[in-house]
Amino acid sequence: MRTGMVYTETVIHLAAEAFAQEVPFQTAIVTLDGGGRVTGRILGERVAIGDRVAEVELRGGVPFFRKA
Amino acid sequence: MRPVAVIGAGKTPFGAFPDLDLRSLAVQAGEKCLANGHVAPALIESFYLGNFAGPSFVGQNHLAPYVSMALGIKGVPSTRVEAACASSGSAFFHAWAEVAAGIYDLVMVVGVEKMTSQSTARVTEILASAGDLTGEIRAGSTFPSLFAMIARRHMYEFGTKKEHLAAVAVKNHAAGALNPDAHLRKVITLEQALAGKPVADPLNLYDCSLISDGAAAVILAPLERAAEFTSKPVRVLGIGQASDYVALDQKEDITTFSAVRAAAEKAYRMAGVSPLEIEFAELHDCFTIAEIIATEDLGFVKRGCGGPYAMEGHTALSGERPINASGGLKSKGHPVGATGVGQICDLVQQIRCEAGPRQLARHSLGLAQNLGGSGATCVVSILGAA
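Line by line, the protein sequences are chains A and B. To convert, count from 1 in the first sequence and add 1; that's my numbering. To convert, count from 1 in the second sequence and add 39; that's my numbering.
Since the hints were derived computationally from the structure, they do not count as laboratory data. Be a bit skeptical, because a hint or two may be false.
Unchecked claim - With a straight-line cut-off of 27 Å between C-alpha atoms, the simulated BS3-like cross-links for lysine-lysine are:
#1 B:Lys305 to B:Lys341
#2 B:Lys236 to B:Lys200
#3 B:Lys201 to A:Lys68
#4 B:Lys200 to A:Lys68
#5 B:Lys225 to B:Lys200
#6 B:Lys305 to B:Lys236
Kindly produce the complete structure, drawing on both the sequences and the hints.
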């Protein structure tokens, strides 16, 4: 699975209808070690800019990361 | 290329109007504009409608003739332009191009959005369709969350603070409270602005613009014919439109908007003015951080200095370069498709010295910046007394 560094992040408190049941949740743009950036969800502990993260699953095309 | 002037302007108040549908709003603004420009509908040779998401918000499509025919503008080319929150800024750009190129003389642009008939969660979802549905939006991103991530990075790189964001909200509410057509005419304190309900960290409710209904309209004509219609023409001195990736994660640097810089460069060059000559501006404060970055991208301050610039009062009504004397999207309201032309109407009002208690001391050279999505479209217009 892919690894990378958090480029930026936010915790969402007010979501679109489809995600309303999941708030609050954290999203981040991750700079991948293999190059490029991707927007994904953060599982578990909250992360900050500069933190290392590792992808733990790909759900419906969305990468989910955890702090490495 | 012919010099172009705005010869008429008109808008509805921005707000929540349960009794007015999309077409009624557009017609109200259009009729005010025609009256203001002393133009009979039959004289309009081409019509543009700026609208972001009428099909989603109210279910209606084929919107341009739906509006123009109701205004009595019959048989002419009638075209809808969609570019997210920059829809009517872009419509204005294309209308300007038609007049400048000599294709038509009298061209009308109306911007309209009817948003408040939907729940906030549904509005959030419709707005999110201006992002990349195959990536960022599928991950749960909302527009507030995209700008929250921009704010986080700007804070990280430049030391921008929550207080800087709040200062923009306080300033724009102070101006909007003086605007009879503003949606939320409420003065707020820095403490209130800092303590708003969280939306997407670090942004709270006071960092976000409003969900509004409204419409705005202008008529463009060659400068040489302006005197036939009005004693107060306002000249379009420079204009530029530019684009960038729709997805935020595709941009190399999210603390600056390349489309804003590119559109501004074109507009400044055409007008023959430098950023520091601009006396006042209407900037796209969809979120407080967006206004801060716009002041940097437009060259009013150096990169990273937009927060302190706002906090120190330089952009207030009484400051050296007032920004959003209308109240901005934050207080005046943000009926998405109406915003770009609404900004043009605000510049016209100041340049014609018709802004009442918000009238600025220096009001002969103004700039409007209309941003779509998280920066994928930007239109910058520079207007001045003719």
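Outcome of the hint check:
As the CA atoms of B:Lys305 and B:Lys341 are separated by approximately 19 Å, the hinted pair is consistent with the 27 Å bound. Between B:Lys236 and B:Lys200, the direct Cα distance comes to roughly 18 Å. Compliance with the 27 Å bound is thereby established for this hinted pair. Pair hint B:Lys201 plus A:Lys68 holds up; C-alpha atoms about 26 Å apart against a cutoff of 27 Å. Between B:Lys200 and A:Lys68 the alpha-carbon distance is near 26 Å, which keeps this suggested pair within the 27 Å criterion.
Between B:Lys225 and B:Lys200, the direct Cα distance comes to roughly 23 Å. Compliance with the 27 Å bound is thereby established for this hinted pair. With a C-alpha separation of about 39 Å, the suggested pair B:Lys305 and B:Lys236 falls outside the 27 Å cut-off, and the hint is violated.
Of the hints listed earlier, the one the structure fails to meet is number 6.
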